[in-house]
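Can you join these two chains into the complex? Each is in its own frame, and there are hints to help.
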Amino acid sequence: MNRQKMMKISVEQLNLFYGQNQVLKNISLEVYDKEILGVIGPANAGKSSLLRALNRLYEIDYARISGKIRLDGENIFNIPINDLRKRVGLIFATPVVLPGSIFKNMSYGPKLHRKIKRQELNDIVADALKAANLWEEVKDRLYDSASTLSGGQQQRLCIARTLAMNPEVIMMDEPCSGLDPISTAKIEATMLELKETYTFILVTNNTKQAARTADRTAFFLAGELIEIHKTKKIFTKPDDPRTDDYIRGRFG
Amino acid sequence: MTFRIGPRTSQIIAHIILLLMTIITVVVLFFIIGYVFKNGFAQLSLEFLFDRTREMGKEGGIFPSIIGTLFVTVLAIIIATPLGVGSAVYLVEYTRGGLLRRIISFGADCLAGVPSIIFGLFGFIFFVIQLKLGWSILSGSLTLAVMIIPTIIRTSEEAIKAVPLSYREISYSLGGGKLDTILKVVLPTSLPGILTGVILGIGRAIGETAAVIFTAGSSLGMPTSVFSSTRTLAVHFYILAREGISMEKAYGTATVLIIIILFVNFVAYRLMHRFMERYY
Numbered sequence: 000m001n002r003q004k005m006m007k008i009s010v011e012q013l014n015l016f017y018g019q020n021q022v023l024k025n026i027s028l029e030v031y032d033k034e035i036l037g038v039i040g041p042a043n044a045g046k047s048s049l050l051r052a053l054n055r056l057y058e059i060d061y062a063r064i065s066g067k068i069r070l071d072g073e074n075i076f077n078i079p080i081n082d083l084r085k086r087v088g089l090i091f092a093t094p095v096v097l098p099g100s101i102f103k104n105m106s107y108g109p110k111l112h113r114k115i116k117r118q119e120l121n122d123i124v125a126d127a128l129k130a131a132n133l134w135e136e137v138k139d140r141l142y143d144s145a146s147t148l149s150g151g152q153q154q155r156l157c158i159a160r161t162l163a164m165n166p167e168v169i170m171m172d173e174p175c176s177g178l179d180p181i182s183t184a185k186i187e188a189t190m191l192e193l194k195e196t197y198t199f200i201l202v203t204n205n206t207k208q209a210a211r212t213a214d215r216t217a218f219f220l221a222g223e224l225i226e227i228h229k230t231k232k233i234f235t236k237p238d239d240p241r242t243d244d245y246i247r248g249r250f251g
Numbered sequence: 000m001t002f003r004i005g006p007r008t009s010q011i012i013a014h015i016i017l018l019l020m021t022i023i024t025v026v027v028l029f030f031i032i033g034y035v036f037k038n039g040f041a042q043l044s045l046e047f048l049f050d051r052t053r054e055m056g057k058e059g060g061i062f063p064s065i066i067g068t069l070f071v072t073v074l075a076i077i078i079a080t081p082l083g084v085g086s087a088v089y090l091v092e093y094t095r096g097g098l099l100r101r102i103i104s105f106g107a108d109c110l111a112g113v114p115s116i117i118f119g120l121f122g123f124i125f126f127v128i129q130l131k132l133g134w135s136i137l138s139g140s141l142t143l144a145v146m147i148i149p150t151i152i153r154t155s156e157e158a159i160k161a162v163p164l165s166y167r168e169i170s171y172s173l174g175g176g177k178l179d180t181i182l183k184v185v186l187p188t189s190l191p192g193i194l195t196g197v198i199l200g201i202g203r204a205i206g207e208t209a210a211v212i213f214t215a216g217s218s219l220g221m222p223t224s225v226f227s228s229t230r231t232l233a234v235h236f237y238i239l240a241r242e243g244i245s246m247e248k249a250y251g252t253a254t255v256l257i258i259i260i261l262f263v264n265f266v267a268y269r270l271m272h273r274f275m276e277r278y279y
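Sequence lines, in order, name chains A and B.
Residue numbering for the first sequence follows numbering that gives the first Met the number 0, starting at 0 and increasing by one per position.
Residue numbering for the second sequence follows numbering that gives the first Met the number 0, starting at 0 and increasing by one per position.
Heads up, some of the hints might be wrong.
[Unchecked claim] Calculated lysine-lysine pairs in the DSS-like style (CA-CA distance at most 25 Å, straight line):
| hint | chain 1 | residue 1 | chain 2 | residue 2 |
| --- | --- | --- | --- | --- |
| 1 | B | Lys177 | A | Lys114 |
| 2 | A | Lys110 | B | Lys183 |
| 3 | A | Lys110 | B | Lys177 |
| 4 | B | Lys183 | A | Lys116 |
| 5 | A | Lys67 | A | Lys138 |
| 6 | A | Lys103 | B | Lys183 |
| 7 | B | Lys177 | A | Lys103 |
| 8 | A | Lys103 | B | Lys160 |
| 9 | B | Lys183 | A | Lys114 |
If you're looking for bench data, these hints aren't it; they were derived computationally from the structure.
None of the values given here were measured: they were computed from a predicted structure.
Next comes chain B alone, as it looks inside the complex (with noise of 0.2 Å):
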């Protein structure tokens, strides 16, 4: 006697075997940031929020790292965005899909997967010495820039790419050079993809710690230019783990943190979506 699973019963199997899959990795993921949040909450008060760090952190409030880590992840930011968008652009529009896209696309995958503390060493090697940057934010930014840049040209690359080849014919058609065609019609299509990229990137800079250390230091005054040195919120909240200095104060920080970065992607989904409305 054989035994048979009938097509009905192995697509219910099926169901539940994903569905598991998926409730395990969601529960996961609420479970660390519900584990952040009951440690972190009873942290969060103004004073915390607008207060300067003091002793080591043991006392005071974020408030410095804070403007470290929005300064150092909007400065990285605005130098990757249009260099990463320029590459992508350039990839497709303009190589043919030829050796050299396959080249910068394969260096683009490899830089995506380094750790990030190489870049930190590279970093620090570079901008802190190399360019006499200092422990800077600005070495920070630089460096937090070369480690997302492959990351937004791939994105890019990829939503430039699926762009419909009947749009350019269309654009060209109706008399429009490259430039018009690349600036009103390929790049306003593919902006969703494009920032999703940008978001992805943003989520890698603003939670980095490994390359941020090397390069922006770890001091907890308050920033007044780009060549302040700064902590920001994941180095803060490392330190004070790693040195046993307070762990309340490093799940307030972690809760700030995840907080932002919720922020920021509710934020830019709101403008994707705002965008998307307007357009299609």
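Isolated chain A, as found in the complex (with noise of 0.2 Å):
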């Protein structure tokens, strides 16, 4: 890994609260600009929960926050909340369609920030779409509902929708957990082509999807952040003797 390390992201002392019930404890870490960074760790880990502080969803679940986010060193809670949500874009496990055509789909996102001529728009759907490796297979068909695609094809969909708003950061919350293997392989291809101009942050149940595709992974358990490191080294020797059992499937 010759490139170079800039921070993206940094989160320091993060904690989140739904209610009294505390679901993120104390989190730190970084995320390099232009990298995958994998989040593993069992059910109730806290991985949805972090993506979702990133982007500020959780003010609409009515959790309570505490702790500094940076984006490009600028606390996210100075930045409008619209913009910020525009720059880090989430992707949801299960793929959700809004009703309507693909194209109104990829229109959505671009539409709601500025007006933007016919012809324009036409460029942002293509190129999203193409980028999302979907673009054949739905080029003849752009104001078909969207719900006609197959479970792979709205994923991808889901990714191109987010691509179209042109953000610098992707976070995909178990984004394969619905689909088949073959469906899985692209999603992880389109990932890894898509790592020259964007960073990621892949929350996932399978630990080998990170290791597959993440430069970096994080392990969380219960809350907490038990340790982030190369992948390599997570899969191979890591520090803790937790990350070491969940890996080998001891619990989980």
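Rendered as structure tokens:
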């Protein structure tokens, strides 16, 4: 890894509470520019909550937060929330397409942020679909309902929909949990192609997926960050025995 | 010796009972409509539909009442829909399901069950006398609007609640604000349900007698503005039958009213269908 390690996101002493329930405990970590950071851990480890904290989506759940999060050195609480969410895209575990056509799904994000001429919008949509490796499959049916796509196609549409906003960071919350191996392989390939341009945070239940794609991997357990290292180290000689146990499938 | 019904037999019996219940309901419904149509269709003529009412309804047509009915109903819907849908959006999207929402929902349920004559009395005292609007289309529409708002609130509330949370999360995570999310995702998705509430409201308003007779009056003249008094079809029918003016004309009026209701429902469902096809 000779690439320059620029810091993209830094998290300091982050705590997140849902009511009385603390789901993130004193998390500090950094995400480098244009890396894929894998986040692994069993259920209720706080992986998804971390993502929801980073784009402040936790606010719609009425959760409380303490600690510092910076994007390119800027406090995310000083960034207008819609800009923050445009810059830090989130892809959910279950692909959710909005009612309406493929094109409508694709144009929803870009049209929220500024007025766009039709021609430019067409280009944005086409480019994003190409980047998500979906263009060839849908180019003749852009105005069909998005719900006619298969599960794997829908998840790539969700990725393309996020790409259409031209984000800086793309967070994925178990993007392949409901998909077959071929669709999973396509999404992993897409991610590896795109990491030249974007920073990824990949939450996954599938430790092998982290091993295949992530540059660095963080292991979470019950709301705590146990360790974060280069993926190879996490999977060969982790510092903490719990990490080793989880990766070897002794619990989880 | 014990007598047991096997699972197969009990299935068949349940099937037959349910089928019978459905048949009874449908037969009663069709009998009523059929009976009215049988007595009323003979009355239908261009003169009946498009002429002025003469001799208290014994002669002439019902054109002023048709216009009055449409006027009152359309105005009531125009007043009630934004208020009802707006309240529902507020309740679901802005109140976190707290005490306020429970109180308002409970209140709306109670109001939806209040007899319409109570609304009529309220409309008479408040709109007709207190606000000095007199017996007029406006007073009638306002009263009907107050009467159907609870229905629209409750059906819209259910429809908006049924929009998956994940749609909202997607919208927010793409950088949409609350208003974007409501206008571009929540309302279009829940529109069919909202429209069902509006159609129910139209149904209640168009066939209402007690609430409008107190507020819109029963004058037979051609309405010229929202301040004119008018006699809606339902009220006209009631007076014709109650005072024994003309049973034939009463059935004719009822037939026209039923046809208008069927037509409105048909158009509304067509529109909804067209919208769903375009949108889903």
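Each hint, compared with the structure:
With a CA separation close to 19 Å, the supplied pair Lys177 (chain B) and Lys114 (chain A) stays within the 25 Å bound. With a C-alpha separation of about 11 Å, the suggested pairing of Lys110 (chain A) with Lys183 (chain B) holds against the 25 Å cut-off. Between Lys110 (chain A) and Lys177 (chain B) the alpha-carbon distance is near 15 Å, which keeps this suggested pair within the 25 Å criterion. Distance hint between Lys183 (chain B) and Lys116 (chain A) is fulfilled; the C-alpha atoms sit about 19 Å from each other, no more than 25 Å.
This hinted pair does not check out: Lys67 (chain A) and Lys138 (chain A) have alpha carbons roughly 43 Å apart, beyond 25 Å. For the given pair, Lys103 (chain A) sits about 11 Å from Lys183 (chain B) by alpha-carbon distance, which is consistent with the 25 Å threshold. For the hint linking Lys177 (chain B) to Lys103 (chain A), the alpha-carbon distance of about 19 Å falls within 25 Å, and the restraint holds. Between the alpha carbons of Lys103 (chain A) and Lys160 (chain B) the distance comes to roughly 23 Å, so the proposed pair stays at or under 25 Å and holds.
Under the criterion of a C-alpha separation no larger than 25 Å, the hint pairing Lys183 (chain B) with Lys114 (chain A) is consistent with the structure, at around 15 Å.
Against the hints set out earlier in the document, a violation occurs for number 5 only.
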